[in-house]
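Letter by letter, the chains look like this.
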Amino acid sequence: NAGVTQTPKFQVLKTGQSMTLQCAQDMNHEYMSWYRQDPGMGLRLIHYSVGAGITDQGEVPNGYNVSRSTTEDFPLRLLSAAPSQTSVYFCASNDRGNTEAFFGQGTRLTVV
Amino acid sequence: GENVEQHPSTLSVQEGDSAVIKCTYSDSASNYFPWYKQELGKRPQLIIDIRSNVGEKKDQRIAVTLNKTAKHFSLHITETQPEDSAVYFCAAIISSGSARQLTFGSGTQLTVLP
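Here the protein sequences come in this chain order: A and B. Just add 277 to wherever you are in the first sequence, counting from 1, and you've got the working numbering. Just add 406 to wherever you are in the second sequence, counting from 1, and you've got the working numbering.
If you are wondering where the hints come from, they were derived from the structure by calculation, not from laboratory data. Treat each hint with caution, since some may be false.
What the hints assert, rightly or not - Derived lysine-lysine pairs resembling DSS-like cross-links, with alpha carbons at most 30 Å apart:
(1) B:463 <-> B:474
(2) B:477 <-> B:463
(3) B:448 <-> A:291
(4) B:448 <-> A:286
(5) B:428 <-> B:443
(6) A:286 <-> B:443
(7) B:464 <-> B:448
Unchecked claim - Covered, in the sense of this in silico footprint (three residues per stretch, anywhere, with C-beta under 8 Å from a C-beta of chain B), are these stretches of chain A:
(8) 315-324
(9) 379-388
It should be emphasised that the depicted structure is a prediction, and the values quoted were computed from it without experimental measurement. Beta carbons: idealized from backbone N, C-alpha and C, even for Gly.
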């Protein structure tokens, strides 16, 4: 099993550009989430999904969209990139119960 | 929603000493408390977790304690080694119907000095 795979690892965007961060998991986990990590602020939840076709907002959803058309994939879309979205983004998945969350390797995004 | 506070934000200890990181949570419905370790440039990885029906759990040099009444839980690392240097995150899960949201603390940068 590959676990949770995120692409790309690094990305530089210009203000106003859009892009999609990809996340895929092969563990058949129901729950998937996107977090952003900023210095001194820990991991903040952007959006999450409890199953295919179901998504909901987390703590910091503004400027981001998600969809969950399959169990495996949970892409994160930046609609119009802003410098405030410069961050490291992590995708995670876990099973229904109180179990371990598995993280992808992260995407370091810089918006100039 | 749930709020998790973590202290201290930075911690330096001498190799061989113990390290303690403390977290508090706000929602009494939380029932699962994992701890993650993140080495520089790497992804967070689970190192230990505790459920609300247990007061303490130990795994070699790492232990976690939970006080449900006071809504706080702590990570204890004994006989620290340089490879313990990393950022540690506590987290809590609040369950609301079918939704599950993992709320993280702000992290503790642990440095073990040789």
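Hint by hint, here is what the structure shows:
Restraint check: the Cα-Cα separation between residue 463 of chain B and residue 474 of chain B comes to about 14 Å, which is no more than 30 Å; the hinted pair holds. With a C-alpha separation of about 16 Å, the suggested pair residue 477 of chain B and residue 463 of chain B falls inside the 30 Å cut-off, and the hint holds. For the hint linking residue 448 of chain B to residue 291 of chain A, the alpha-carbon distance of about 26 Å falls within 30 Å, and the restraint holds. At most 30 Å may separate the alpha-carbon atoms for a hinted pair to count; residue 448 of chain B and residue 286 of chain A meet this at roughly 11 Å.
With a C-alpha separation of about 14 Å, the suggested pairing of residue 428 of chain B with residue 443 of chain B holds against the 30 Å cut-off. Pair hint residue 286 of chain A plus residue 443 of chain B holds up; C-alpha atoms about 20 Å apart against a cutoff of 30 Å. For the hint pairing residue 464 of chain B with residue 448 of chain B, the CA-to-CA distance comes to about 25 Å; that is within 30 Å, so the pair holds. Check on the region 315-324 of chain A: 6 of its residues sit with their Cβ under 8 Å from a Cβ of chain B, so the three-residue criterion for coverage holds.
Coverage of a stretch by a chain is defined here by at least three residues with a beta carbon nearer than 8 Å to that chain's beta carbons; for the region 379-388 of chain A and chain B the count is 4, and the condition holds.
Hint compliance for this structure: every hint is met.
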